[in-house]
Structure formats: C-alpha cells, structure tokens
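Please work from the sequences and hints to get the whole structure.
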Amino acid sequence: MISVNPKGEVWVFAEQHEGKLEDIGLELLGRARMLGDQLGVKVGAVLIGDNIKGLAQKLVHYGADKVYVVQHPLLGHYQTNSYSKVIYDLVHKYQPQIMIYGASSCGRDLAPRVASAVKAGLTADCTDLQIGDHENKSEGKTYNNLLLQIRPAFGGNIIATIINYDRWPQMATVREGVMPMPEPVVTRKGEIVEEQIQIGKEELPIEILREHRQPKKVNLKASRIVVAGGAGVGSKENFRLIWDLANSLGAAPGATRAAVDLGFIDRDYQVGQTGTTVRPSLYIAIGISGAIQHQAGMAESQKIIAINSDPQAPIFDVAHYKIVGDLNDIVPKMIKAIKARV
Amino acid sequence: MAYNCVVAIKQVPDTKRITGEAMNADGTVNRGALPAVFNPEDLNALELALDIKDKFGGKVTVITMGLPAASTVLREALYRGADDAILITDRKAAASDTLATSYILSCAVKKLDYDIVLCGRQAIDGDTAQVGPQMAEKLGIPQVTYIEELLTMENRHLSARRNIGNGWQEIKCKLPVLMTVIDEANEPRVPVAIKLMKYKKARTPIEIQMQLKKENPNASDAELKQLADMKIAELAKQGLLIKQWDLNELQADMQWCGRDGSPTKVHRIQSVVLTARESKTVEASEQGITDMIHELITDKTIS
Ligand SMILES: Cc1cc2nc3c(=O)[nH]c(=O)nc-3n(C[C@H](O)[C@H](O)[C@H](O)COP(=O)(O)OP(=O)(O)OC[C@H]3O[C@@H](n4cnc5c(N)ncnc54)[C@H](O)[C@@H]3O)c2cc1C
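Protein chains in written order, with the working numbering: chain A, 1 to 342; chain B, 1 to 303.
All the pointers check out, no bait thrown in.
In silico DSS-like cross-links for lysine-lysine, where the CA-CA straight-line distance does not exceed 25 angstroms:
(1) B/Lys-92 x A/Lys-137
(2) B/Lys-280 x A/Lys-336
(3) A/Lys-333 x B/Lys-300
(4) A/Lys-336 x B/Lys-300
(5) A/Lys-221 x B/Lys-300
(6) B/Lys-174 x A/Lys-201
(7) B/Lys-280 x A/Lys-322
(8) B/Lys-300 x A/Lys-322
(9) A/Lys-201 x B/Lys-172
(10) B/Lys-280 x A/Lys-339
(11) A/Lys-303 x B/Lys-300
(12) A/Lys-303 x B/Lys-280
(13) B/Lys-265 x A/Lys-7
(14) B/Lys-265 x A/Lys-141
(15) A/Lys-119 x B/Lys-110
(16) A/Lys-85 x B/Lys-174
Don't read these hints as lab results, they were simulated from the structure.
As structure tokens, this is what we get:
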C-alpha cells in the first residue's frame, strides 16, 4: 500500500488489445479529468503493451496530462501477472492517489490482482465517482477530498458509496458506457513518459494457445434511440415488431435478459446490469416489467416510453410516456404514426 | 494422476428472488424476506471440481467463510460429492472486505494440500468477482478467470477455454492454479440421495453448541461443554463432523483481517427507491399515439 498522498495524480488504466484502444479507457479519462481538476492534480494514463507508443497522443486528446508508456515484446498480450507487476511497480514509483480501471473482462481480472499485491482497496463496477468528505464519528475525524466510489449492490437494490481513507491508492472499476465519452481536444498537450521495466518469463505463467475476439456486432451505446422488447413480446417471431419499430426510427433494438434467455434475440442486445448500459435520447420499453437490473442499464435515458398491459408494472415509475395496453395493438399504431410523418 | 481441488463457496441472500413480497412499501428491499442460497456460480465451480475428481481421481474439499449458518452450503456440497468441508467462522472476521476475505481464505487454503483452487466467478450479493483473483495473488499462483470449459489435464498442466466477453481465449497453464468458473461452464449435478441421507446429520461444532444451548436452556456452561464434547466426538467417529477453523487456527495476522484489514469502508448506503418522474399517460388509441409521436418530433427527440 502507499500512504495517503493528496498530491498524487489520478490514473486511468488505458486498456488496449492488438494495438487498438478500448473505448472504456477514453470514457474513464473524461471522469478522471473532472476528478483531477477538482483535486488540482494531474491526470495520468497507464498504457501497457508492445509497440503501442503511437496510441499515447490519443489519450492526451481525451484528457490525460501524462501518459506512462510501458512497451516490451513480452507485454504484447495481456496477462494478469505481467500487467499487474507493471502497475504495481508504477504505483510504488509515482504514488497516484486514485487509479481507475474499466470493469471489462480484462479490467476485472487485473484490478483485484493489483489491489491484492498493493494491499489497497478496490470497489467493483462503480456507476459514479465523485470527490467528497467523510466524517468518521467514532474517531471524531473528517477526511477530506476522498474518492466516493458509488455502486449498486445487492442485486441492484441498494446503492453503496465506498471510500478508503487510510490505505491508498483509491481504486475502482467502472462499467463500460456508464461515463459519457468526452470530446477529444486535438490541441491538448501532454507529456509522454516512457518507462523501462524489467519483465521476465516468470511473469508469464500462462501460454495463450488461441484467441478469438469478435468486434461487437451491435453498438447499442452509440444509438440515439433504442427500442427494447421484453418477455411480454411473447415469441421470436413476434419480436419482428421490435425490429420493425426500430427500423422505422433508425434505432437499435434492445432486449431484457428474459427476452434473451427465451431466445428472442442475441445476448449482445441485452440492456441492464449484466448487459449494456445505454443513455439514448429515447428508450422505448415494450413488454418489459422494469426489473431493477434492467433499469440499471436504461434509467438514465433522456426520454422513456413504456408500453405494458399491466398498469402496475414498475417500468412506468421511470417512464415519461406511459401507454397501458397490448403491445400487439400499440406497436403497429406507432409504426403507422411514424411512417405518416416521415 | 490424481488432482486435489479446493473449492471456495459462499452462502448468499437470493437477490434473484426479489419479487413483490421482498419489497417494502417504500420500494426498498426487505432483506429478511430473502432466502439464503448456495451462490450459483460456486455450484459451477464445485461441479468442475467433482468432474475433475470423477475423471482423474483426487479429493474435493469445500471451504466457506461466514456465520455458523453457512454450514448449510457445506452440507449441500457434501450431498453432491465433496469429500471434506471446512467452515471458517470467527467474530473477528466480521466486516471483512474482499481483500481481507481473500487473505483469510488464502490462509486456510495454504493449510491444505491442493493442485487447483476453484471459485465461482462472482457472488450474487456483491457481484465483485474480486475474491478469486485476490486469493490467487496471496497464494502466489496464477489465476485463470471466466472458465467456460476445461479442455485437457495432463502432466500437471491444464488447458481451458475462457470467456473474455467479446470472444474466447484458450490457455495452457502449469499447476497449481486458481480458476474462476462461469455459469455457462456446466450443469451442476443435483444432490445424491444416499449422500443426502448420510450428511444431513453432519454438523460443525458451533452448530452443535448452539443446538444444545437451545435444547438445555438451564444447563450451566460446564454442562453444555461436556454435552458438546460428547456430541462432537460421536459425530467425528461417524465421519459427520464438519471442520471448523477460526483465525487463531489459521494463524492469520490480525492486521489483515476483519475491519482493520479492510481498506474499503462504507460511506453511505441508500436504498434504491424507484422515483416517479414527470410523466404523462398516453391514450392507447391511434390519436393518442399520433400526438405523442408528433410531440417527440417537435422536440427533436425523433428526427
Ligand atoms: C444478478 C442479475 C442480473 C440481471 N441482469 C439483467 C440485465 O442486465 N438486464 C435485464 O433486462 N434483466 C436482468 N436481470 C433479470 C431481471 O431481474 C428480470 O428478470 C428481467 O429484466 C425481466 O425481463 P422482462 O421485463 O422482459 O420480463 P417480465 O418481468 O416477465 O415482464 C414481462 C412484462 O411484459 C408485460 N406484457 C406481457 N404481455 C404483454 C402484452 N401483450 N402487451 C404489453 N405488455 C405485456 C407484462 O405485464 C410484464 O410486465 C438480472 C437479474 C439478476 C438476478
């Protein structure tokens, strides 16, 4: 662990695979920038890989003041042990006060290993990060300017705010799509710090035999409008209604976990706590009850239309437009109304 | 070639069962109304361990850290085929975060003879997925997370397929190793009737003590202790005593346990109350829908 260091920088792990930066690191830089400005400290990005220095400038454009670049032929593929050793060494050298990672499969594999080695705290899957004070009544002490790590817990039924005031860095993972992507500023200047690091074969206990990454088929996050269907749609055939309405609006289709489990649509389209988090201008929820885990992925939408035959359905609690009735009757009417306008 | 597996399991409130009855009138959760269950992905981890035992031989030991009531999940593991079960329980372990929990569990695993440590990817009460990787670091062994399928096991090496979210990865690794297992990996077996009949009487010492206290409210502490010692000896003879370790037994360093050993602290807990927002009810008629679409076009929500 490192001691409390209010002058320390705010760091982001800039995840990359095969020389391509993941969106999540850029999203995190947006928030890190805010936190850094509030604390009056610099924002650093940690970029690890082989032959990846060229990506550093982009991280500067997205908000980093400093990019710590660690290049080595043995770092070409992500491995838990090698990457966590690099971060461990950097953390001890530079003593950042905050370090955030994406809650991707890579980030959730890496961050706990680092936390354990550094003996620091880690909060998983934060949906918000802020700076605030903590009053410890039993000690009669107030800790100022801590990282408030806000996350849903207990299956999404409570919101917990977690802090660490004595053993730093303060570390958290954040889900993809939760923080808005910042606008890049191409004129922004930053410092690129190349780090030399000793890495040996003993840090690579895993042999990667084969790997397949498919590019995301659907980009729900980028859609201005999402038309989502739930179990109430009834069948895969009837899910055609969702596709038709989505097409008429130039929207992306989405679904609940129940609809995915029933085989109505592919898992890539799932919205919610264990799917994608979206915040479109318009979200149309059709035959969706509005379980808390689903709401976790869509409640921040600017406008929500809910269509449900049950007037008591919880989805209506977050809807701006409530339509009580049979979706089989209402959706065709909507398509007709839209087609009449355009 | 036989392999010894240790499976770390957890008893959790069934957050999937949050239905109307488990909700308070104000929209918050009534935790007491939730049943305690075997964490779902820990069943997948146990299944993988039992599968390794079926194919290659070896021993499956399950460990859990928790309150005395967590013995229930240990029994459920015994019903399914685990050979040995250990409860780690200690008041001083209360308020442990994932870092302290992984430290305590790693102290227990170090006392055991293991080739493979298995965990579920994550527990449904916290969904952190941190304890597995943290335990691996404390044990100084590699971790292989998100196991979807074990491919081969030979010469103390395993190969497996991991689910990496947007794809998969096949890896090879030398033992010992820690694996975290996802729900797609397998279909957990159900309890075996004959084992259920046998192990439903299995108890931890603390359960025996609590039971005797309830049955003999007027007995002195000395009498209770004598009764408990007898019962413990009897169960031990029948192979029905579930092991119970405390932090002392684990020789755990207290600075890394419980509240003191936990860098993360709770600042605030808020119940999620579903808030009503400014909203309008739209008539399900053609006119109602046309008006709504018109409004959304006018305010440029739909272009
Ligand atoms: C740990 C965990 C994670 C989860 N993650 C997610 C997640 O990421 N995303 C997610 O979506 N869920 C998730 N879930 C599942 C979630 O709890 C719900 O089970 C799920 O969202 C319900 O989907 P649904 O609304 O489609 O189905 P239901 O709850 O069955 O609702 C169907 C609705 O359709 C309505 N309906 C039926 N027929 C009609 C009709 N003809 N016309 C109009 N309305 C009709 C009904 O009134 C009902 O309200 C998760 C659960 C857990 C425990």
